[in-house]
Amino acid sequence: MNYFLRKLGTSLLNLIAVVVTIFIVLRMMPGDIIEPMAREEASRLGITYEEAYERVADRYNYNPQEPIYQQLVRYVKGLLRGDLGTSMLNPKNTVVSILSVALPWTIFVVSISLIISFILGMQLGALMAIRKRGIINNSITFYVTIVSAIPSYIIAIILSIIFVYQLRLFPKSGVYSIDVTPGFNMPFILSVLHYSVLPITTYVITSTGGWILNMKGSSVHVLGSDYVFAAQARGIPEKIIMRRYMKKNAMIPMITILAMAFGGMIGGAPLIEGQFQYLGMGAYLAKALGERDFILYQGLLLCISISVILANLVADLLYSKLDPRIRLE
Amino acid sequence: MRNLTVMRLRQIFSFVLILVLIFVLTACYSNTGNDPGTSPTNDSDSGPVVNKERVKRIAGGYWPAPPGFGGNLIGAQVGDVGYYVYESMFLVIVGTDRVVPRLAKEWKHEGNKTTVVLHDNRKWSDGTDFTAKDMWAYYLININSSAITRYLEAINVVDDYTLEFVWAEPVISDTQKMLLLAEGWQAVTPYHIFGEFVEQVAEIMKKGTPYTGDPTKRPPFGLVFEKDDQTALKNLYNDFKNVDMEKPIGTGPYMVDKVTNVEVDLVVNPYFPDSDKLEFQKIKMHTVSDYNSLLSSNETDSFVGTLPYDMARTILDASGTMVMYPLLEQKSVGVIFNTRVQPLNDKLVRQALNEVINKKPVREVANYWAVETGFATIGLVPSTIEKYVDKDVLAKFARYTGNTEKAAKMLEDAGWTKNSQGKWVDRNGRSYRFVIAANAGWGAQGITAASEVARQLTEFGFETEAKAVEATIVVSNMKAGAYDMMIDFVDMTWNISDPYKAFSSYYGDITEKAGIDLSAAPLILKDYEGKELNMKEAVSSLLYINDEQEYRDLVGRIAWATNDNAIAINLYQNVMAIWENSATSKGLPMEDEFKKYDRMMPLPRTEEEYEEIAILNRAYAPFAEVFVRNKVKPR
Amino acid sequence: MHAIIRCQGKGLLHMNDDPRKPIMSLRNVDMYYEIKRGLLKQPARIGAVVDVSLDIHEGEVLAVVGESGCGKTTLGNVIIGMLKPTRGQILYNGKDLSQMTRQELKEFRSSVQLVQQDSYAALNPVKTLYHSLCGPVLHKKLARNKAEALKMVHEALDMVEISHEELDKYPHELSGGQRQRILMARAILMRPKLIVADEPVSMIDVSLRISILNLMAKLNKTLNIAFVYITHDFGTARYIARNGNICIMYLGKMVEYGNVQRVLEHPSHPYLQALLTAVPVPDPEIAKKKRNLPLKSIEMPSVAAPPPGCRFHPRCPYSVDICETEEPVLLEHNEGLCACHRVKELPQWSLRADR
Amino acid sequence: MTPKNIIEVRDLTVEFKKPRGSLLAVNHVDFDLREGSVTALVGESGSGKTTLAFTMLNIVNTTGKILSGSVNYNGTDVLKLKGEQLRRYRWKEISMIFQSAQSSLNPLMTIQQHFWETYLVHEPEADEKKVIPRFFRLLEDVMLDPDRVLKLYPHELSGGMKQRVMIAFSMLLSPRVIILDEPTTALDVITQDYIFSILDKIHNETGISMLLLTHDIGVVAKVADRIAVMYAGRIVEVGDIFTVFRHTAHPYAKALITTAPSLLDTDKDKEPIKGSPPDLIDLPPGCAFHPRCPYATEVCREKCPALTMIGEDHYVACHNSLPGKGAAAYE
Amino acid sequence: MTRLLHSFKDFFKVIFRNRQATIGLFILTFFVLLATVGAALTPLDMTVDYANRFQMPSWKHPLGTDYVGRDILAQVIHGSRDVITLGVVCAVMALGIGVIIGSVSAFVGGFTDTLLSFFTNIFLTIPAFPLMLILAVAFNVQNIWAAGFILAIVSWGGVARVVRGQILSLKHAEYIIACRIMGLKYWYIIFKEILPNMVSLLAVQFIGLFQNGIASSMGLMMLGVLTYRPTNWGVMLSLALQNTGIAYNPKGLIYFVTPIVCLALLQLGCIFFSSGIDQALNPRLRTE
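Each protein sequence line maps, in turn, to chains V, Y, X, U and R.
Heads up: the first sequence begins at 153 in this note's numbering, then just goes up one per residue.
Heads up: the second sequence begins at 83 in this note's numbering, then just goes up one per residue.
Heads up: the third sequence begins at 1239 in this note's numbering, then just goes up one per residue.
Heads up: the fourth sequence begins at 630 in this note's numbering, then just goes up one per residue.
Heads up: the fifth sequence begins at 2 in this note's numbering, then just goes up one per residue.
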């Protein structure tokens, strides 16, 4: 309990710091984001620049000419009310409403990929630790090396060229087909799967390598430990040793990496989701950036940072749940 | 250990197999899951009719993902959907500036009054009658954001189908009246839904007091409001925009059926008069993710967008049925000089630099089909100059041909010399380095054009560097004088290509980028007869000239003076491409010449051709006009 | 028998006057560690060394013996000045360490050296021995140039019986015994007056231990360096400190002090008695007959929460009520010092006794 | 009456491949473990005693390879056991207490899970409820509170407790031999003493054979009744504890026994063994000890001495220690 | 000096003993040569030659020409200069910031440590790539230094954490304690005792940062937010995607594939080389 509270406290502090940091970074923007829009509005409506400026700033709950602390107060007040501001490009879209549409898809894709790549990585990593030589080992090593040399976005490009453009097997954009009704029905589920398979594949291909390497290292370490040796001396069958001794112990340090991997994947989303036009957080991040919609960007960035903090918290809790040594502290 | 690994391997293998299976299965799903009717087949058994479902698939059109999709046109919440769902009182075909009536039946200008009679057989797509009140509602609710209100005294609802516009003094010319009435998206606010807001605006308007100040800064309807009332108006406008409607309610030929964040399905609006005559039963719109692949694979029937030449050719070859129509845009790209710095403050130098640039290679890399112009910069959209300027005047315009020898001579005449490194030095022995800024938001086009210009200038003897600058700051930096030159739009209008519009955007925006502030000091230029023109005043006087010859004369003088002043280089007038799929639609323009040009069509040769193609472009004229006129049909 | 010990509030107790002056004196030294336990809770205080007073004389060998967790290593660190005691004074040549000038402190840093238990960890693994030994000499300006430094290092190597060729090797290329000698060499290069040796032989092969101990004895004799020998092994303690004193620690407190021979022959404190009975002796006839002193519990209490009163009482077979409430002080007993309420009443103890 | 040997090691050689070359951890060793005895195998680190012990369970590290020899347990060659047979042999017949009791338990399992798991794999039919009393009894035998200890995780036990748990654990399947690999190195003297008294009690009650690996002569003297001294992968002296201590024949064994500083010491200086332990990858020819031996002769440099009997139940491998000469030769 | 030369020789001896590391070293050397010598020897002509676009490989253009007829090989070679400089600048800066913050944190300790660790943690929490995107826009990158700085800002966190951990553990290493007992000065301890122990860690970190910096910068260029230099591989890739219609246009394949292959090779080189570096810089592993 104490452990949990302490972790929660740290996360909260972290969260506050992240809010402030992101806020400051965005206020460091050179020039004035409102300016081009105000000019456009002024010329379109034939009103004075000052008037247009005030109008636009008012529309976006943002005024860069205010002192920074006042802006921060305004922003934080909005945050506490659950108001992250309004997209600059589409004043009617609140950031929260965009988040509510985009976040579930990203979480869906990332967590499914995380689970698949984690399972694969654990299995293959353990396998590599047991068998030090042989074709399987060599081919896994080859795969890991290649995958770690090619950035994920290039894999996304190649996959999309092959499967989307050349073979035309997968859709070019979107998260589900317009012909299905969202809800718990088979066509919808199939459609969601159909649209998400390529992003998931990309994530799985790129992140499995890291898991394999980590798991292999950890497994080799555990295999060399005394308790595995002792278990052999006790006549425990290999199968049980692998499952209960090696894999479980080797996986525990992986849990901490889990949160980091989650952060990394979500961080890479703008490129991957952008490539497949899978309209999750990443695609919106790329879109917001491309259109210089900084308020939306700020909201999205904050949201994914919060997800990373939460993932860290969850990983910590998971860790304490799995490792009896933590509970005592 | 060995047995164990084999067993483990089998486990992993089956896991991977399941994953691959899911991959393959979902891949197959695409072939069965898609609506078969929407994918046109070239099956010969079905005879000449291939588009049996009579669907038009359109690529493009940004609309926000739900929940942002609201049924309200204002604030662009429905994107391209608006072109099919809403109608306006009039529409203007950009480029020809022809005004076409839509909801209006007849109209009449009498002194300071214009009376418009509307069709009486129109209904909103929810079944409610469309009346003059709906029109009136639009102008009131958009009191601050509609350009016309600045020139109006009042709008009166005469009866259910008649509106009366009262113009403020001095009364603008009839042409300008028409353009203002037709401009933008008018007349589309259902009173039966937003009546509450409108009536409140009307209440507040009663509290306004007449304006007496500077006529160029006249507020809407010439009314001045207390601060509280102003805030109330602002709030009303914002509240109005934030009303969420599930689907838009309009009077147009189609209405929204289904929406996702990348697709919208439109079906025929049953309340539209002659809706039974609409040939396309359904419009499927897809936001553009990768137009390239959509076009190559014939997965769309219509798209508007400029592509590099090779890509266009590849797409046409890959698809086999797509047709590409290039169409001149009402804007041209050029290089704006910063006239505050030496030596660009010297008109002669600017003219010489204009002469240096060979525009062909620039055009080839940046916008292949674009049209080069011989002008420095004229303020008008170049393609319209012959329409507004007399031939004999036009002959007096200076032309620039990319003749570097001539340019060198021009500089030498001004006292410049070339130094040992082949760089130009001025009378004081000073040499110069230039920086051309390109808007990074333009992507490769901007920077390649800038690089090519820079290369030519450097070759000529002015060391020049091209630089991509972040979109949010490039303009303000240029206005602050941070760069020597900037690639941007020069002679252009955002919508209607009327000379007044074109000049007023030039003498405000472009001049400011060049470092000339017209509000600080009047800009006086000499015309071809040596007569001095106060540019700002001359431009605004265009608004009130009813006499055509007088109008043309003034336009010619302004354009000549602008060209002579040469604060920018007009590189080319932009061209955009319009793509149509001949496999699913028939009745497309120049249908009999597809073979001749291998479906990469030439620029429109006549005004008719221009108009035919222009209305295929949603940005030029509401595209729905195509279907209403029943020209393009499903094949 | 040469020590001056100040006992709690009872003034200085003069034990057999020593002609040699003490180079190092500890006066009522406490060393508490604080361990943080979250934001809200008070940090836990662990008394690793509690109220210890000691004198170390020139050329003396003092053995500090105790089980793991008794605070002997902390005491060693306090003596070399690495840890600043929470309370009490440390006097070097009669001067308080905390009030020394820079110059004096610099001298002190040279004069008191440490030889660690883990000889591999005590040498920088990425530096050759040449760099590890010459570097400090040059840096401290003990030699004027490289050649002189090398000469000094060679002398020191001769002293610890290591051949000069080993200088170009890395630590991992030497055996444990050699490394331990190098540590000795590094210590004597600083020309120390006192070396604290923290279990220097416990990680070394049995067959090499004696030679290291002999080396220490040699350094003690020829260079007149005083040694504080920290260990848990009575055998080596007795061997190295054969004429010196021994100090027995239990849970951060000193429980017995006196001449090695006398203390080991006639231990006064029940804890020491129990300890000695448990020590295996390399003679099957004696070892097999030996009986242990029956302790009440074999688990040592936590240092963080030491028992009240006499810290040994929960395990002591002789404990009575007073032991649970009152902390015993070090009192003179049998020519040494012992902290036990019942020291006078305890039965005689003998190593070879078959009780 | 010749006592029965429960384990007979014959001509055993175990090799480890290292980047620098191969290393013979056990070099043609013959060794007997008498039934019901407590035999101490003494040697410094790297002398091969742990490897020798591991071959008795037929678990040699992955890098190790048995080149020759056999380990006979009750007539079966342990080294030839495979798969299920081997698995059942381990712990059921011979159990082992490791040097690092701290780390020889799975940190993620409670003590009860350990006990039950091991029991179950050897007695697949077992019923957990019926076995628990047995766990209780075993833990009570080592003076632990079974109720509490069974529910604990390894990290929640102190070092002494853990070692006692390991002793109870090793007795779980009533094996006939326990190998104790330096069971008390990390422990305090008092705890060490206590643990040996428990082992002593168990030995007295069950008559189990024990093989104690240690480098501490004191411990040997206290616990063992036979002693075998190993040096550089070979056994150099074996015999009854009293005989070996009183009439030490091998110079290395002699040094080991006499130079260990002890409580009993007088204040005499001791002469250390010169030199340092041999490099096992690059062993000196002949007797491995000759470079350090004060009595080495020409023959020691050339020929490796064989283990020969020099008295009743007393064997030594030294050229200069002929029968009858005994240890007196060196004094 | 001879000792230094000696350890230098040792270093390469170990690298060459490791097959992977040798390959890695060769690849890296190749690219460094490409960026220095190659770029100096190959003239870069960015003139548009529209008529000769999409040419197949020939003697004149060994890798053919791009969408406006410029030689691809020359672009790749000159691009490698930018790519490698950017990677090095990023790695040096990130390492600098990380080492300073990490070591100050570890050496000073106390509140400073808490504060700096917290600060580091923030940068580790905010996902790197999106932060990098926004910084790239915010700083309006105009040159390689600014680009490297942006990459460094988001990647120093890991270094700081590792350095802090390493120094904390080294600080309590017994040989450091021995130095303190000998009364050696702080600078001696830091530079002569601690630093040599961190060389291999820093080298591995450096390569990691270099690798990461290159991959991320290319990602940024793909999204069009880093400075436009048409020869940079990332920009080449983005131009290939935008201007050649690679999905259907096999003519642009070489232009598209070349930067990818170069990137993958460079990354492989880094991975391989860093696999041997720990061994080569650690005397214990070296002699085994």
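Please keep in mind that the hints were generated in silico from the structure rather than gathered at the bench.
Cβ atoms here follow ideal geometry from the backbone N, Cα and C, with glycine treated the same way.
Please note: incorrect hints may appear among the correct ones.
Here's a subset of chain Y near chain R, in silico, CB distances under 8 Å, partners left out [unchecked claim]:
hint: 1; residue: Thr396
hint: 2; residue: Ala400
hint: 3; residue: Gly402
hint: 4; residue: Thr403
A quick look at each hint next to the structure:
| no. | hint | verdict |
| --- | --- | --- |
| 1 | Thr396 | 4 Å, holds |
| 2 | Ala400 | 5 Å, holds |
| 3 | Gly402 | 12 Å, violated |
| 4 | Thr403 | 15 Å, violated |
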